[in-house]
Amino acid sequence: MIEVSHLSKSYGSRPAVQDLSFTVPDGQIYGLLGPNGAGKSTIMNILTGYLAPTEGEVKVAGFRLPEQAQQAKACVGYLPEQPPLYPEMTVQEYLDFVAELKGVKRAQRKQQVLAAAHRTGLEEVLPRVIRSLSKGYRQRVGIAQALLGSPQLIILDEPTVGLDPAQVIEIRNLIRELGKAHTVILSSHILSEVQAVCQQVLILSKGRLVAVGSPEELGETLNPGSRLRATAQGEPDTVLAAVRSVPGICKVELESAADGQVTFTAESEDAADRRAAVSRALTEAGCTVLALAAENRSLEEVFLALTEKTPEQNTPAEGEEN
Amino acid sequence: MLAIFKRELRSCFHGMIGAVLTAFMLAATAIYFVALNLGYGLPDFGYYTLYRTIFVLLLYIPVLTMRSFAEERHSRTDQLLLTSPVSVGGIVLGKYFALCVIFALPCLMDAGMILVLKALGATGTSTLANFSALLCYYLMGCAAIAIGVFLSSLTENQIIAAVSGVAALLLAYMMPSLRTMFTTGSAVALALFTAIAAVLSVVAGLRSKSFTLGCLSFAGCCVALTALFLLKSSWLTEAFSAVLSALCLFTPFEEFVNSSFSIPTLVYYLTVAAVFLFFTAQGLEKRRWN
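First to last, the protein sequences are chains A and B. Read in this note's numbering, the first sequence has 258 at position 258, and its numbers run on one by one without any break. Read in this note's numbering, the second sequence has 43 at position 43, and its numbers run on one by one without any break.
Honestly, the hints are just simulated from the structure, not real lab data. In this text, all values refer to a predicted model and were calculated from it rather than measured experimentally. In this text, a Cβ means the ideal position worked out from N, Cα and C, and glycines have one as well. Among the hints, a few may not be true.
[Unchecked claim] Derived pair list, reagent style DSS-like, types lysine-lysine, alpha-carbon separation capped at 27 Å:
| hint | chain 1 | residue 1 | chain 2 | residue 2 |
| --- | --- | --- | --- | --- |
| 1 | A | Lys110 | B | Lys6 |
| 2 | B | Lys209 | B | Lys118 |
| 3 | A | Lys110 | A | Lys135 |
| 4 | B | Lys286 | B | Lys6 |
| 5 | B | Lys286 | A | Lys59 |
| 6 | A | Lys105 | B | Lys6 |
[Said to hold, decoys possible] From the structure, some residues in chain B lie toward chain A, with a derived Cβ separation under 10 Å:
| hint | residue |
| --- | --- |
| 7 | Thr22 |
| 8 | Glu72 |
| 9 | Leu80 |
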């Protein structure tokens, strides 16, 4: 669906995106994750043909941008960071206008507008003027607008910003449902959202791609040592000594010790599962195991580790450019 | 393009601005019409009403066009238009034609006034002359609208778009008088053309990010201008006055006021409109490369 190779974009002399390459296959939900200013919106603006890349090649649905922009744009529905609404129009007028703008045939227009309004829960506000709508409803109008013209690719820039928790869940369900029939790309700086909705995640930092993969993969591959967390009955010293004696365990940290219960975390050198060995060692030392669970590094930790690491890596490169 | 055309037309009357502007134009022409054409019984609508109310256009056109692109950019709705499968040319034309239709409203009412004159006994020839003057007046307005649309596409502030529109049209309005200050000799023309060459070279240098190219193009222009000045200085002055007269947007209309039908005038106005619409489309296209 999308092929991006060696994409760079600078605003004047300030680089926003540098040497980015990725592909998005059909029918998946991709998440663009990154802190503010990582270049998420820039990438989305390039994919939708709003901005032209400074360097590199971008193909959307097999059409090269910006040369075949018109054909490519016909395949894309886009919700920008700020929903592009005309405040003086009613929701109905606005959706009719967008449907016509996107070249939806007159016969299908009414039905498509109603379908988009239904999916985003806008039926009751159709006759209302957009100016009088709340932020959440405006966001939904923006999403409805992106669905018109039944595009193959739907690009949503921070779709759940400004919504209340119930609406956020609704929109996430909607995105999951859209992912069944369309390719969806959404950007977010909220990790739990990406983790909940996306099948694949692209993590960006300072305009560079730092990691690609499914949320689970990222959690595993970027965490060389596995970690486990356990609670056992016994004296803290005995428990910790028993765990330390297990081969392959490199770091044991005491979390709490009260009422004869000791809770600790243990990290092993490699990714191998050491739960059985730890349990056995504790039993041999005469301590009863009350709880024992492997801990995966959450995407949040991965994200922080990656995005904090990159500035140092980037410094020499940026120095060269300047 | 049709969708943009319809939306633009509707939004003009949603926000009252279309109605207010039409009423304003109508009031201005009606005063002249009643006082001169009806009051003194003069059948020449072109001279007594249209020609004398040109100054109203200096205000009407910029206010009409200031919103066109500046507002879209300000409210980020340009992202919707520019990511839709409509070409940039289609967007510009859709908006432009909508504005031309709004300007047609007061012109239609002017046509009504001409018919009133005919009913009151104006001859067939003078009615025809009045209508052809109205046609030229309309095309002149459309050319000015293209200038206003272009200026609006340069900024995201409507006030700046309106003020620069008034300034540009005022300059064109006063150009016939300003021109007399510059007819002294070819030295002034040389200085002016050198200045233009310098500006163009700086722009070319900045655009291509090449200092040598800028310097070379400026040197080339200077050599050419000096050669012209030494060998054929009359060409310079003629070219200079030709440039200045092309800037007098409202002067060619006088041909029609004098009851003569002039094709070059109509071509001039259509060209001005086409050139500025082209600039607008290029400007929008260019912005996505920055």
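Item checked: Pair hint outcome, Lys105 (chain A) versus Lys6 (chain B) [Cα-Cα no greater than 27 Å] -> 16 Å, holds
Notebook entry, point to check: For the pair supplied as a hint, Lys110 (chain A) and Lys6 (chain B), is the alpha-carbon distance within the 27 Å limit?
Noted result: 17 Å, holds
Checklist line | Hint consistency between Lys286 (chain B) and Lys59 (chain A) [alpha-carbon to alpha-carbon, up to 27 Å] | finding: 21 Å, holds
Check: Would the pair Lys286 (chain B) and Lys6 (chain B) pass a check requiring their Cα atoms to be no farther apart than 27 Å?
Finding: Holds - the C-alpha atoms of Lys6 (chain B) and Lys286 (chain B) are around 26 Å apart, at most 27 Å.
Next item on the list: Hold the hint about Glu72 (chain B) up to the distance rule: shortest CB distance to chain A must be less than 10 Å.
Entry: 9 Å, holds
Notebook entry, point to check: Does Thr22 (chain B) pass the interface hint, meaning its C-beta sits closer than 10 Å to a C-beta of chain A?
Noted result: 18 Å, violated
Item checked: Straight-line alpha-carbon gap Lys110 (chain A) to Lys135 (chain A), limit 27 Å -> 25 Å, holds
Margin query: Between the alpha carbons of Lys209 (chain B) and Lys118 (chain B), is the straight-line distance 27 Å or under?
Written below: Distance ~63 Å between Lys209 (chain B) and Lys118 (chain B) Cα, so the pair is violated.
Item checked: Leu80 (chain B) as an interface hint toward chain A, with CB separation required under 10 Å -> 4 Å, holds
In summary, the numbered hints that this structure violates are 2, 7.
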